[in-house]
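Protein sequences, first through last, are from chains A and B.
Residues 1 to 842 (my numbering) make up the first sequence, in order.
Residues 843 to 905 (my numbering) make up the second sequence, in order.
Quick caveat, the hints were computed from the structure, so don't treat them as lab data.
Please note: incorrect hints may appear among the correct ones.
Unchecked claim - Now the in silico label distances, taken between C-beta atoms and shown as ranges:
| hint | chain 1 | residue 1 | chain 2 | residue 2 | range |
| --- | --- | --- | --- | --- | --- |
| 1 | B | Ser871 | A | Gln169 | 25 to 35 Å |
| 2 | B | Arg893 | A | Glu129 | 35 to 45 Å |
| 3 | A | Glu148 | B | Asp865 | 20 to 30 Å |
| 4 | A | Gln169 | B | Arg893 | 21 to 31 Å |
| 5 | A | Val89 | B | Ser871 | 51 to 61 Å |
| 6 | A | Asp194 | B | Ser871 | 27 to 37 Å |
| 7 | B | Arg893 | A | Gln227 | 47 to 57 Å |
| 8 | A | Thr579 | B | Asp865 | 50 to 60 Å |
| 9 | A | Pro139 | B | Asp865 | 25 to 35 Å |
| 10 | B | Arg893 | A | Ile71 | 55 to 65 Å |
| 11 | A | Glu148 | B | Ser871 | 19 to 29 Å |
Every value quoted in this text rests on a predicted model; they were computed, and no experiment measured them.
Cβ coordinates follow ideal geometry from the N, Cα and C atoms, glycine included.
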Amino acid sequence: MPRIKKLHVYGYRGITKEVNLPLEGKSLILFGESGTGKSSFVDAIEKLLTGKVSSLDGYLGLSSTRHGPSIRVLNGGPKIEVTFDDGSVFSLGGSLESLPTPIINYLVAAKQTFFILRRAQILQLIDKEPRERGDLLEPFLPLSDWNEIEDAFKQSKEESDLKAQESKQKLESVVKEVSGLLELPLLPVTVTEDALIESINRRLSQDSLPTINAAQEIQGALPQVEQELASLGDISAHIALHTLSEQIEAITPNLQIDWLAAFLEKIRELQRQEQMQARLFFEEVLQKGLEWIEQAKLDNCPLCEQPIDRLVTTEHIQRRLHEMEILITARHDADTIRRGAISNLEDLHQKLSATREKASSVGGIDITNLIAEFQTWVQKTLAVLSLQVSDIKTQELEETLDSWSSYNFPTRFAETHHQLKEILSKIPAPDTIRPLLELKTFLSDAQRLWQEQESSKAHCGRAQRISQIAARILEHAEQSRKEEVQILFNQIAADVDELYIRVNPDESHGGTQMEVRDVGAFGVILRGKFYEQEREDQRAYYSEAHLDTLGLCIFLALRRWHRNQYPEFNLLILDDVLTSVDAEHRVRFTEVLMNEFKDYQILLTTHDRIWFEHLRDIQVSCVVSQQFINRVIHGWNIDEGPDIREPQEERERLEQLIEEGEPSQIASEAGRLLEHILQEMRYNIPLAVQARRGERYGIGDLWPTYHSKIKRDYSGFYDKAQSTLETLDVRWELRSWLGAHFNDWAKGVTSKEAQEFGRAVANLFDLSFCMECRRFIQPSTTPEGQLACRRGHLIYPPSGKEARPPKDLEDILKTTLGALSDTRLTSDQYLEWKRTEIGDEN
Amino acid sequence: MPQAMGEFTEKIYERFLEKLRGDEEIPPSLIAEIERLKGNNELASSATISRGYENWEGSHAED
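Just chain A, with the same shape it has in the complex (with noise of 0.2 Å):
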C-alpha cells in the first residue's frame, strides 16, 4: 500500500525555499506556533493531489493558482513533489502514465473525496442548511455512475413527453380537418368511423350511387364516380385544371398569416417576463414546501430549517409561484403557436409541391415561378421557427413578416386563381361534370383524411404510453438512489454514533441520524439524542465541544467509508482541528484516531507545544510511536520560510562550519541552535519572558532570563556549564551583529571570536540535548535543582546532592508530571501510560 516518504516544497504558500518534509512512510505530527506554516504543507499536499486548496479555491476573489505560489517566488513557479515509499515520484503537473498502478490507484483516488480537515471546516458538516449538506456529502458517495444513469432516464423521459405533447397536437390538428370536410361540430374528441360513414353516404345518395357500410369501403367508392365521369367522354383537360384550381384554392386558407405577427407579439412579451425574472424558481420545491407550512402549520422552514413567519412565507411562495405560471404558460403558449406553425407550414410545402407538378402539366399557365417563391418563404420561415423558442430572434421574425409583404402573395394568388376559373368557363363541359368532380375530390379527402387520423391516434396513443412509463421508471430511478444511499447513511451514522461515543463516553448524547430529505435536490439532515430528547438537531443542545467532536467523528466516518472503498489511499489529514476542544476529549479522540486509524498514513498539525508532548505520549501508549514521526518547526520568515531542521542536523552543520566556515556564517548556524535550545528550554524550565505577539521571542528576550535562572535555580548544571554560559553571555549579540542583521560592528569580529561562539553553542547543546531520549532536559521533581533527560543519560543533580536518576516507572510519572498536570488526566491513567510506555521501549 503505497505511503509518502517526502514531501518535497518549493515557493508554495508560506514556503519559500527548498524544504523536505520526511516522513519515511510514516505518520507525521507537525508542531509550529502559529504562522509558521504548517498549513502551508497541508496547502501544498492538497493542491498536489487534487489540483486545489479548500482554504483558496471557491471563494470570492482567490484562487489556488493565483495566491498559492509564494510571493517571494519570482521565477521558476512552486514546486511540488511527494516521493512515494516504492520510489515512484509524482510532481505537480505531472502525468500519471508511467506511474505503477497502486499509486495511480491512490492518486485517482484522491480526487474523489476530501481527506482534509481544517479548524474552518470541523462545524461545516453540522452547521450547514440540508441542501449545502448534501452538497458536502456527495463527493463522499459514489453516485456519479447512477447520477448519469439517472440523468440519461430523466432526459429521456423529457423526450418522451415532448413527442406525446408534439403527437396530441398533429392530432387535433388532423380532427380539425376532418371535421371541416365532413361539415361537423368540432370536439375533443377524434371523428368515429359512423359519422364519417354517415356524411359520405349522403353525398353518394345525392348522385344515386351505392352507400358504403366501413370506412375502407370508400377505395371501392371512387372508380364509381371515375366510372360516372368517363361516361361523359374526354374530359381530362377539364379535370386538370379543374384539379389545379383546387390546389389553389386549398392554399389560399394558408395565405392568412396572422399567426406570425400574433407569435411575434408572443415572443416579444415572453422575453420581456423573462428579464423581470432574474431568479430561476424551483416549482416542485415552492409547492411542497408551501403544502408542508400550511399542513403542518411549522415554524421553521421544512428546506432550510430557518425560522420563518408561515404567513409572510406562505404569501411569499404563492407570489412566486403565480409568476411561475405565468412566465410557464407564456413559454407554453409560444411553443404551441411554434410546433403548430411547423406542422402547417410543412404541410403546405408539400401542397406547393403536388401544386407546382400540376401546373407544369397544365399548358397556358404559367404559376410555378410564383409557387417555387412562395416555396422559399415557407422554408426561411421555417428555418426561423426551427429554434427553440427562448432562441428566436424578434430581428429575424419581423424581416419575415416584412418578405411577406413585399412578395404580395395572396393578391398574386388570387388573380391566378381566377384566371384559371375564367379558362375552365370557357372550355365546353356538361353540366354533371361539377358535381361529379366535386365527389370525387371529396372521397379523396374522406379516405385521406381518415387514414391520417387513425393513424395520428395510434400515434398519440403510443407517445403517450410512452411518456407515461417512462415516468414512472424515472420515478423508481429517483426514489431507488434515495434508498440506497439512506442506508449508506445508516451505516455511516452507526459508524459516527460509534466514534462520537468514544470520544464522549457516559454522556447521555449520540444517536446520530443522517436523512436524505425526500422532495427537491439532494439534502442531508441531521439529528441526534440529547439525554430524552430524541432526533434533535443538535445544535439545538450540544455544546461547542461536542458540536466540535461530532464534526470530527463524521468526517472520520465518511473517511473510513471512502477508505473500504479505494483502499490504496490511506492519507488523512487533521490540520489543527483540536484546538477548540477541551484536553479530555482531545486526549480520547487521538485515541481514537491512533488507535482505530493506525493504518493510515496521518499528518495531524498543533499549535499548541503542551498538546504536541501529549500526543508523543498518547503514541506511546497507543504502541504507535513507531509508525509516527513528530517534527517541529521552529519558526518561519518571508525569506526563508519554515525551519524545520531538527536540533541535531543543526549540530552537525555548525560543527562543519567551525572547521571552514566564515564568521558570519558561524555566528548565524550558531545562533539558529541557540535560538532552539533556549525555544526548548523556555517550555521546560520554564522561563518568564514579557509576552510578546504571536509568542515570537528571540535570543535577545530569552537568554538573559535563562541565564539568570540557570545560575539560580540549577546550580549542578551551571557548575558543569559555567565557562559555556559566560563566554555565550558575552558573545551571543554576535549573531545578531554577523548572522541576522549585519553592522559595521560586525567589520571588527574575527574567525577566531566567531568560532568561540560556536562551539560554546555546541557545547551547551551537547549538555542540554539527550541523543538517547532525542528531547531536552527538564527539571526533576526530586531533588529540587536537578536537571535530567527523561532517562537519566543527562543528568545534573544541584551542588552538593547525590544525582537522583529515575528508577522506576513513578520516578520517571514525577519527572514529567508537571507538564501534563492541565490535561484533566487522573494518575491513574497517566500511569497506565508510563508502564505501556516502558514495556514498548524495553
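The hints should help you fit chain B onto chain A, whose structure is shown.
What follows is chain B alone, placed relative to chain A:
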C-alpha cells in the same frame, strides 16, 4: 459509462429492478429491454433508452 458499474451503483440498480418488477404497470418485456441495455452498458444514454422504449412499444405493446 465506459466501464462496468461500481458496487454501489449495482446496489441501486438491483433495488431499481426490484421496484420495476413489483410495479404492475411496467411490462416484463420493458424490464427485459432495460436489462439488455444494462448488459450492454448503454443505460447512461438517453438516446438508447428512448430507442428501447420505442422498441418495446413497437413490438411488445400487448404486454
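Consistency of the hints with the structure:
1. B:Ser871 to A:Gln169: 25 to 35 Å: Cβ of B:Ser871 to Cβ of A:Gln169: about 29 Å, so the range 25 to 35 Å holds.
2. B:Arg893 to A:Glu129: 35 to 45 Å: holds, 40 Å
3. A:Glu148 to B:Asp865: 20 to 30 Å: With Cβ atoms ~23 Å apart, the hint holds.
4. A:Gln169 to B:Arg893: 21 to 31 Å: At roughly 23 Å between Cβ atoms, B:Arg893 and A:Gln169 fall inside 21 to 31 Å, so the hint holds.
5. A:Val89 to B:Ser871: 51 to 61 Å: holds, 56 Å
6. A:Asp194 to B:Ser871: 27 to 37 Å: Given range 27 to 37 Å: holds, Cβ gap about 35 Å.
7. B:Arg893 to A:Gln227: 47 to 57 Å: holds, 48 Å
8. A:Thr579 to B:Asp865: 50 to 60 Å: Check passed, 54 Å falls within 50 to 60 Å.
9. A:Pro139 to B:Asp865: 25 to 35 Å: holds, 32 Å
10. B:Arg893 to A:Ile71: 55 to 65 Å: holds, 57 Å
11. A:Glu148 to B:Ser871: 19 to 29 Å: holds, 25 Å
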